[in-house]
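Top to bottom, those sequences are chains A and B.
Per our numbering: the first sequence ends with 813, consecutive numbering throughout.
Per our numbering: the second sequence ends with 813, consecutive numbering throughout.
Any given hint could turn out to be false.
All copies of an identical chain are treated as equivalent in the list; a pair is satisfied when it fits inside any one copy or across any two copies.
As the list claims (entries may be wrong) - Each computed DSS-like pair below joins lysine-lysine, with the alpha-carbon atoms no more than 27 angstroms apart:
hint	residue 1	residue 2
1	686	716
2	806	721
3	795	707
4	741	707
5	806	780
Hints were generated in silico from the structure; no laboratory data involved.
Below are the chains, spelled out letter by letter.
2 protein chains.
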Amino acid sequence: MKIKYPNPSIKNEKTQAVKTHGMLFENALNTTNEYYRLHNKAIIYKKPTPIQVVKVDYPDRTKAKITEAYYKVPSTTDYNGVYKGKYIDYEAKETISKSFSFTHIFPHQIEHLLNVKKHGGIAFVIIYFKSFDEVVIIDIDAFNSEYVEASKDNSRKSIQFEKALQIGKTVKKGYTPPFDYLKVVDEIYF
Amino acid sequence: MKIKYPNPSIKNEKTQAVKTHGMLFENALNTTNEYYRLHNKAIIYKKPTPIQVVKVDYPDRTKAKITEAYYKVPSTTDYNGVYKGKYIDYEAKETISKSFSFTHIFPHQIEHLLNVKKHGGIAFVIIYFKSFDEVVIIDIDAFNSEYVEASKDNSRKSIQFEKALQIGKTVKKGYTPPFDYLKVVDEIYF
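Based on the provided sequences and hints, a complete structural model is requested.
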C-alpha cells in the first residue's frame, strides 16, 4: 500500500479527470477506499478482475509468464469489505447516457447483492452519471424494485437519472477523498 | 452459480482427493462455501487471483485474448464475505511440512487480517496440515502473537503442528460440506 499524503493539487487533477475520462471513476473510488484505509474508516478493496489462465510459460525458473488467458464473467461484484463491523458490498458503474441501462449489470450480480442484504450486509449499486457529473448510491432493494418493474415493461429497460435521484442519494465530490460515499452509506444504513 | 445437489459419492471423492493431492484443499473450501451459499448460511467467495495484463489481442470484435500477463502479489487474502451479518476474511494455506512456515504468508496479509479484526470483522488463518490430514483455524491475533515471537527468535520461523492445535481449533472433515469450518467460527467468535 502506497501512502499518499494530502495534496490538493493532485486530488484536484483526479477530480477533474473523473469529469473528462472514462474508467477514472474506478480510480477515484480506489483512491477514496485507500483514503478510508489510511484513516481507519473502513477496509474496502476492489476485487481483482477474474481471468481464466490457459497457458503459462516459464522463461526462467522464478518467473511465470501467462501467454494465453481470457476475461471471465465476475461471480460477484467489484468492491467489498468491512465498515463499522458490517460487511459492505457494491457494484460500481458509470454511464454517459442519461439513464442507466440494466444491460450493464448481470442478473446474478443483483441476486448476489440482494443475498448480501438478506445476510445483514450493506449492499448497493453506485452509479456515476457522466453527463450530469453526479454519483448516485441506490440501495439494492430499491434498485431491484426498478429492475423487476422494468422487466415487466418492455419499453423501459433502464433507470432515468431523475428516477435514480428519487430512489437513491447523491454523493458529494471532494478532494480528499474524491467521493466520500461512506457519508451517504451512514445516512442510508446507520 | 451452478447448483450442486447433495451426492455423497461425489463429495466422498472430493474428500479423498484432499488427502492425496495438493491444491485440492482450495477446491474443498470452494465446495464448502458453495454449500454455505446454497443453504443460506453465509456468502463467502474466493477472490480472483490478481493478474497484471500487459498485452491483449482481439482475434475478433467480441473476444479479447490476453497474450501477455503476470501474476501479481495479492493485496489482501484469499476469501471474504458475510456470515451472520459480520464481515469474515481469511487466508487459506496448506503445507506438507510438520510445521507452518511464516514464509508462506505475506506480512501485509497478516496486517490486513489484524485490521479487519480491529474493524469488528472475523479474521483468521486456516491451515491444512497434509501430513497430519488436519485443518486448523487460528484467529489472527493468536497467529500474530506467534509471528511476532518468531521474528524475535532466529531459530523459529514457523508454527509447529502441536502449537497450532494449542492456539487454534481443528475443523472436522465431512461429506457435505467437506470442511464445515463455520462450526469452528461459531465456537471462536460467537
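- Of the hints given before, which are not true for this structure? 5
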